[in-house]
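Novice: What follows is each chain in one-letter form.
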Amino acid sequence: MSSPAAAQLSNYLVNSSLLVLTGGMVTFAAALASSRSLPVEAEEGDAAADADADLAAQPQAGVEVPAVTGGGDRVPSVGAVARGTQTAVAPTAVAPRGGASGGGTGTPPAGAEPAAADVGGAPASREDRLNGVGLALTWLSFLLVAGGVLARGVAAGRAPWGNMYEFSITACVVILAVYLGLQRRRPSLVHLGLYVTLPVLTVLGLAVSLFYVPAGPLMPALHSVWLVVHVSCAIISGAVFTVGATATVLFLLQDYWERTGKAPRASRRLPTADALDELSYKLYAFVFPLWTFAIIAGAIWAESAWGRYWGWDPKETWSFITWVVFAAYLHARATAGWRGRRAAYIALAGLSCFVFDFVGVNIWLTGLHSYGGLPQR
Amino acid sequence: MTTTGLPPSAPAAGMSTQPAPPPAPASGWGWLRWGWRQLTSMRTALVLLFLLAVAAIPGSVFPQTAQDPGAVAQYIASHGAAGRLLERLGVFDTFGAPWFAAIYLLLFTSLLGCVLPRARLHFRAARARPPRAPARLDRLPSHVRLATTATPEQALAAAAAVLRARRFRVDTAASSVAAEKGYARETGNLVFHVALIGLLVAVAVGAGLGTKGQVLVVQGAGFSDQVTQFDSFTPGRFANVNGLAPFAFTLTRFSATYSPSGEPLTFAAALALRERPGMPVRPVSVTVNHPLDIDGTKVFLVGHGYAPVVSVRDGRGHLVFSAAVPFLPQDGMFTSSGVIKVPDARPTQLGFQGVFTPTASISATLGPRSTYPGLSDPALFVSVYTGNLGLDTGEPQSVYILDTSRMKGPLAITALRPGQTWTLPHHAGTLTFTGVTQWASFQVNHDPGTGVAFVSATLAVLGLMGSLFVRRRRIWVRATAQPDGPTLLEVAGLARSEATSVDEEVAAVADRLAAGLPPPPPVASDEEEHA
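Those sequence lines, one after another, are chains A and B.
Going by my numbering, 64 is the number at position 64 of the first sequence; the sequence numbering is gapless.
Going by my numbering, 191 is the number at position 191 of the second sequence; the sequence numbering is gapless.
Only chain A is shown next, with the shape it has when bound in the complex (with noise of 0.2 Å):
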């Protein structure tokens, strides 16, 4: 493929991706405002019937004395992060069974079958096929902008994640890819959707709208292969931050609902507020290592393009301030009185110099990492 040719393909894929998304992300939103509709008895048959599922998932005293035989019926297969739902008012899955059988196994990547099967047999509501359709939606926009970004790659010859529109299209792929992997490990995360694809539509539009460059070569200070290294592991970490800080939201506001007894009806398909509070930390957890590496990564690499390797750069500056405020969430999730909602707090803080770092250093500051690809001011 010339690379014109790609890089054109590469730009009808990411558009038709923001497209699809925009698509999915209305779907998931016609979804909520089902289960608005749905009647009270339903919702709570539901409730009951995940609390079940969930006790199903919990070893209980004394219950299970049984023969020594077989054993494998009762192994307690999953749910570390549904655990501690059986006291919570709100269901947190629709469809526990595939959750508890360890995740779609089979389940086409379309996903639109884990929704939809449901509990009992019942035939699947509306707001099951709904989020089915948005799933299917957010999977195509997905793969469409999976293959923008490799198109792009061709196009520039190169690792595509020299600029600002690089950067955030590739992180668009990898919130997705966070989302849908999770979603398919918990079927139940389906009622995410909207809260996930949101962010993503936003980074994706101001792709396409603000940062969009032509795809060409690099100057020669990114000739190297730590643009992979270090440049891969910051996008990764500023996708999963994302995801995690938009479960942080959502645990913010389920507390909230959950302390004040205000939820609203929609509330209830959210995970619980105990288990939002876990997945974020869970993604926090699993990232900063990787943040602490990519700023590691770019030190190296700054030492032999620069001659230095820290040198208190406003892009540097800026890492160092995210990675300060991420550390501070890990100590305040380990600190008595800062549990919950002030470690919450802390993780938005962090996302907010990460997004700093990543838009404001280039558009506000200058540095040496004057390489976002945004017009001079």
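Hint data in this document are derived by calculation from the structure and do not stem from the laboratory.
Incorrect hints may appear among the rest.
Beta-carbon label-pair distances, calculated as ranges [as the list claims (entries may be wrong)]: (1) B:S337 with A:G360: 29 to 37 Å; (2) A:G360 with B:G296: 31 to 39 Å; (3) B:Q74 with A:G205: 32 to 40 Å; (4) A:V213 with B:S337: 22 to 30 Å; (5) A:V213 with B:A126: 51 to 59 Å.
What you are looking at is a predicted structure, and each value in this text was computed from that prediction instead of being measured.
For glycine and all other residues, C-beta sits at the position ideal for the given N, C-alpha and C.
Using the hints, position chain B against chain A.
Specialist: This is chain B only, laid out in the frame that chain A set:
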């Protein structure tokens, strides 16, 4: 979080979790102890982390002396009293400011005060036996029961074997087996924090013993690694400036390539290098991302530009100046500016202010601009001043700035192509634009802390992974002989790190035991219970 009321976990990545004790002490020693406890509490560490993050912000917002002293001077000049106040506060040298140092030194003290006692505890725990089984295993979050016809002793021996095979540390007591795993979590945590101290030491060593110098070398000219040869030189406070690596090089050739739209593609400087006096000269190449390493001293290619070659005859017709004059690039297309000072010209000294464009075009609003960074259509736009250059006032002058306060001009301005000569007004002489050569600038660094920094950073990441990914957990197995029935086995587990569950592991251990032990005869009540 777990659903039980049991103490959930060891801290994720940090220090002592206990809240600060109440301030009771009356004696000085007591206050000291109280102060130390406050400092080493996690709460204080949190506050210090926040302060560190906030204190770093001015360093990215305001120009920094270390990076751009010119911008700092300009900022102070254009902001008057506010600028001077900021300067006194050290804002233009944020990362060297006393308040910044105070924060990170307190933070590291706090860190040390936590890590040392925890290291001692961890060392003890790693050698101690896993804690005995709690009295009521069924209260633990993960709990499975089995029955077997084997004796309690046999069952416990089997349990110990199963747990050892899963690489648990196992301790067998009379009626129960205790096992613990995941010590690497705390080890990683400690390694991470100690590595941070190593990183601080490395930075301090680099700042104290290292040297940094910058030098601009015109093609064909040479450089030897001595303090006097640098354009700017920043030694660490304790650096031995007479002990610089004794190498020398000549810039044989600098080459750059550009894309059709003017994006730079490659830079390379070809050098003739002599590593030590007496050693043969050998050709080497320095490119961006590939510095030269001479016994720990690194030579980086950091910039490049054009140097118009100019000769000047004065009013008497004497050749008073002939050299390549480095011009500094002002934009990505290498519109470059520079000055030519001719102190030997008579009857008056001559000064020239010039703009060089590798590919010339003249914009109505911006004056001469280059439209491409390569040498397609080079031109030199130059204006002339006469009078006193001010070189003998004793004040240091930049070679890139013409002090026109004692001069007349600009008397005339012109555009020259290579080979053209300009006759200056008032019989002041002539200027010939002979041609163009290039220059490259190099950063010559010696940082003895780099190795320590690299090792520390690597250990920090590994430690961090251990402290966040390894799960610390305990499993207990108790065997109880029932008077008229099979032996009852209880398997229970407790996760000691956040957001983890031992359900799967407890179940797997139970399965393994079930597979290895003789089952009891079927009992009707079991079926009932199961249903």
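Novice: Against this structure, judge whether each hint is valid.
Specialist: So, going through the hints one by one against the coordinates:
no.: 1; hint: B:S337 with A:G360: 29 to 37 Å; verdict: 31 Å, holds
no.: 2; hint: A:G360 with B:G296: 31 to 39 Å; verdict: 37 Å, holds
no.: 3; hint: B:Q74 with A:G205: 32 to 40 Å; verdict: 38 Å, holds
no.: 4; hint: A:V213 with B:S337: 22 to 30 Å; verdict: 28 Å, holds
no.: 5; hint: A:V213 with B:A126: 51 to 59 Å; verdict: 54 Å, holds
Checked against the numbered hints given earlier, this structure breaks none of them.
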